[in-house]
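Protein chains: 2
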Amino acid sequence: MNAEIISVGTELLLGHTVNTDTTIIARELSALGIDLLFSCTVGDNAERLRAALREALSRSDVVITTGGLGPTGDDLTKETIAEAAGVELVLHEESRQRIETYFKGRYCGENQYKQAMLPKGCTVFPNDAGTAPGCGLETDTGKVVIMLPGPPSEMELMLKRYAVPYLAQREQAVIVSRMVRVFGIGEGAAEEKIRDLTEGANPTAATYAKENEMFVRITAKAATEQEAAALCEPVVREVCVRLGEFVYGVDVESLEEVVVHGLQEKGLHLATAESCTGGLVAKRLTDVPGASEVFEMGAVTYSNDVKSMLLGVPEELFPAYGAVSEPVARAMAEGVRKKAGASLGLGITGLAGPGGGTPEKPVGLVYMALSDGTHTWVRRMDPPGRVKNRTWVRDRAAHYALDMVRRYLAGLPVEGHAV
Amino acid sequence: MNAEIISVGTELLLGHTVNTDTTIIARELSALGIDLLFSCTVGDNAERLRAALREALSRSDVVITTGGLGPTGDDLTKETIAEAAGVELVLHEESRQRIETYFKGRYCGENQYKQAMLPKGCTVFPNDAGTAPGCGLETDTGKVVIMLPGPPSEMELMLKRYAVPYLAQREQAVIVSRMVRVFGIGEGAAEEKIRDLTEGANPTAATYAKENEMFVRITAKAATEQEAAALCEPVVREVCVRLGEFVYGVDVESLEEVVVHGLQEKGLHLATAESCTGGLVAKRLTDVPGASEVFEMGAVTYSNDVKSMLLGVPEELFPAYGAVSEPVARAMAEGVRKKAGASLGLGITGLAGPGGGTPEKPVGLVYMALSDGTHTWVRRMDPPGRVKNRTWVRDRAAHYALDMVRRYLAGLPVEGHAV
Numbered sequence: 001m002n003a004e005i006i007s008v009g010t011e012l013l014l015g016h017t018v019n020t021d022t023t024i025i026a027r028e029l030s031a032l033g034i035d036l037l038f039s040c041t042v043g044d045n046a047e048r049l050r051a052a053l054r055e056a057l058s059r060s061d062v063v064i065t066t067g068g069l070g071p072t073g074d075d076l077t078k079e080t081i082a083e084a085a086g087v088e089l090v091l092h093e094e095s096r097q098r099i100e101t102y103f104k105g106r107y108c109g110e111n112q113y114k115q116a117m118l119p120k121g122c123t124v125f126p127n128d129a130g131t132a133p134g135c136g137l138e139t140d141t142g143k144v145v146i147m148l149p150g151p152p153s154e155m156e157l158m159l160k161r162y163a164v165p166y167l168a169q170r171e172q173a174v175i176v177s178r179m180v181r182v183f184g185i186g187e188g189a190a191e192e193k194i195r196d197l198t199e200g201a202n203p204t205a206a207t208y209a210k211e212n213e214m215f216v217r218i219t220a221k222a223a224t225e226q227e228a229a230a231l232c233e234p235v236v237r238e239v240c241v242r243l244g245e246f247v248y249g250v251d252v253e254s255l256e257e258v259v260v261h262g263l264q265e266k267g268l269h270l271a272t273a274e275s276c277t278g279g280l281v282a283k284r285l286t287d288v289p290g291a292s293e294v295f296e297m298g299a300v301t302y303s304n305d306v307k308s309m310l311l312g313v314p315e316e317l318f319p320a321y322g323a324v325s326e327p328v329a330r331a332m333a334e335g336v337r338k339k340a341g342a343s344l345g346l347g348i349t350g351l352a353g354p355g356g357g358t359p360e361k362p363v364g365l366v367y368m369a370l371s372d373g374t375h376t377w378v379r380r381m382d383p384p385g386r387v388k389n390r391t392w393v394r395d396r397a398a399h400y401a402l403d404m405v406r407r408y409l410a411g412l413p414v415e416g417h418a419v
Numbered sequence: 001m002n003a004e005i006i007s008v009g010t011e012l013l014l015g016h017t018v019n020t021d022t023t024i025i026a027r028e029l030s031a032l033g034i035d036l037l038f039s040c041t042v043g044d045n046a047e048r049l050r051a052a053l054r055e056a057l058s059r060s061d062v063v064i065t066t067g068g069l070g071p072t073g074d075d076l077t078k079e080t081i082a083e084a085a086g087v088e089l090v091l092h093e094e095s096r097q098r099i100e101t102y103f104k105g106r107y108c109g110e111n112q113y114k115q116a117m118l119p120k121g122c123t124v125f126p127n128d129a130g131t132a133p134g135c136g137l138e139t140d141t142g143k144v145v146i147m148l149p150g151p152p153s154e155m156e157l158m159l160k161r162y163a164v165p166y167l168a169q170r171e172q173a174v175i176v177s178r179m180v181r182v183f184g185i186g187e188g189a190a191e192e193k194i195r196d197l198t199e200g201a202n203p204t205a206a207t208y209a210k211e212n213e214m215f216v217r218i219t220a221k222a223a224t225e226q227e228a229a230a231l232c233e234p235v236v237r238e239v240c241v242r243l244g245e246f247v248y249g250v251d252v253e254s255l256e257e258v259v260v261h262g263l264q265e266k267g268l269h270l271a272t273a274e275s276c277t278g279g280l281v282a283k284r285l286t287d288v289p290g291a292s293e294v295f296e297m298g299a300v301t302y303s304n305d306v307k308s309m310l311l312g313v314p315e316e317l318f319p320a321y322g323a324v325s326e327p328v329a330r331a332m333a334e335g336v337r338k339k340a341g342a343s344l345g346l347g348i349t350g351l352a353g354p355g356g357g358t359p360e361k362p363v364g365l366v367y368m369a370l371s372d373g374t375h376t377w378v379r380r381m382d383p384p385g386r387v388k389n390r391t392w393v394r395d396r397a398a399h400y401a402l403d404m405v406r407r408y409l410a411g412l413p414v415e416g417h418a419v
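For the protein sequence lines, the chains are A and B, in the order given. Every letter in the first sequence is one number past the one before it in the numbering used here, and letter 275, counting from 1, is 275. Every letter in the second sequence is one number past the one before it in the numbering used here, and letter 350, counting from 1, is 350.
Calculated from the structure, these hints are not laboratory results. A few of these clues could be false.
[Unchecked claim] With a straight-line Cα cutoff of 20 Å, these simulated EDC-like cross-link-like pairs (lysine to aspartate or glutamate) come out:
1. Lys339(A) to Glu315(B)
2. Lys361(B) to Asp395(B)
3. Lys388(A) to Asp128(B)
4. Lys388(B) to Glu138(A)
5. Lys210(B) to Glu11(A)
6. Lys143(A) to Asp61(A)
7. Lys388(B) to Glu156(A)
8. Lys120(A) to Glu138(A)
9. Lys388(B) to Glu315(A)
10. Lys143(B) to Asp287(B)
11. Lys120(B) to Glu88(B)
12. Lys339(B) to Glu315(A)
13. Lys339(A) to Asp305(B)
Because the structure is a prediction, the values reported are computed rather than measured.
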């Protein structure tokens, strides 16, 4: 089966909005085993949408549109598709009621109800994050057109809750996806280790690179959810075995989530002292709801004076080793741990650039230390081969620092591989 | 003049990469006054690229491709376009030398030199951030095809340095763009104030929404850079007058950049004490190179104990007013200022959610205070009408807090409007 996507929206062609909808849909189609051969964007223009639709239906089994389902005169997608499919739009009472409820107590223009007019015979997809419902429509030539709203938060929810099951159901199948999150190994190296697993058809396994990390998505299709889950399970396990200690979690959102939940489970508290990352590690920890239970204090100590005053880093370390050094990272971790009365202290000092590098201490060099009161571990992050920017160095250092805590909590060697 | 974009890359159709190239090009075309009617994505497949190209050339004056210029066998864009245009690929000696220099001292496969083969008669665009050059090619029917690399960092640089001037030059024109950055007023309200200015053709003015802020881009086309700049100037000035104190800078990158540079100019130091933003303000300040000159200490004080221990917030404030209150924000700002020996202290306390809200203190309520030792100002940020998530609350609070410092430095009322 193959598919194509038509994104409808003049704002996309003016560059006002990045088209993330297409990426999100592309991933779901890939997981479903449906080939996406083509995607295009047209403005809010019935004639051009009609032309794109005609072409798409001539060559693809499934056509997915995003956008143009709203209340304004610009929103033409349903009208244009219904006309092309030779069906009329009819009022969908349940959708009308949902819109009424949505606006309860606030002004609701008559045009809002235009959104409840849907192609006759379609399968309606409720909009759980907004007002415009979507739908799936089978044409008399056996093709399928799926209409989704444009705003990504509405689109993504509707896609995953209703459109993907609708597509799977047409093949009398249920889809289950699992996510293996990985840090500390490149996408290329990881892919080499699991290449044979990514060649399967059911479940499919695919690697995706994210900034400074990657993930493997395993997706299976079966008659029931249980069967699909059972198909995934051995591949998930095998990916975890092959990627070993680099796997930081399965079906989790982020490294910081794993760290915060790990601290919660063990009843431990963490304190942070950051120089070059400037609060990024604290920010990431507190991105996780509930971080307050395990994270009471973070210090951003940019100057040497503040490192000594706040954390008790011995002043003589600076002339002897420099602020970017193993002894200073160590003293920061130990100092902040004591100051906060926490179980664990994390210290980070390095050169984020662009200025300040020397041949001995180049931009990109970062030391990080983790102390538990008994022992202090230090990791040294060397600059990459090619010069990267300040943001990249800081993001990478924050990742490596959080990964030390993750390793400590998991009982793995804290320093891990040379990084 | 109208244009369309063809993005080439199987990774886009698998959802591995978000297509930001199209958005960036769309903005430049819009600023140039060129209408983008259509954009599409095809995989690394010569046949489908050929079909898309044929269609694009049949209806558009300018066709811009991204991707497929690299060294591998998958990279087919130049070959396919040259064939369609009936020209051959020839070695471009300067590009060959650039590739040689790029790989100096490292292994360089023979296939790298494939990138120096370019359509005969084209205008070559150097790649200042990578290896694959791009080019502009005029077909014998007077259409223009522009080929750009896929990686956004390479594409954007080449587009702005070479492709935009190439397009402008064809109309014997030079383009100048100015950026007015705005915070504290919604895109809708801002647009209403400057609607008449956005209707001009030269210069054009357009509003763009960004997370929690917006910007206005003014672009003029003229025979010389001076003339184009002179056309922009009065519109930039008028936008600044109409949007008044909400304009935080012209041709700057971010609010934090304005704050860091403002502190540098005035020789002032800032210290931060964050509760609900958890280090986000410190992180944003230290995103700016040179922040170390003006920012020595940040504290992330999540628990009441640490607020008292580290910042000297009087313990009796917590039972009397609660941690999320004006007196605590005030004491945090004053306390961190004193502790760090800084000129200015910033304190932030609020409820980021999702849990912890009450009818009196709902999720989204944030107090922030700025102290200069003589006076302390407090802003109260109320939750928006519709519930937003934790990230949104934190980002917005960080914006408002940085905006207080910006206002202080600019001599504006620090508390500004009720927010």
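Handout entry: Hints the structure fails to honour
Key = 4, 9 and 10
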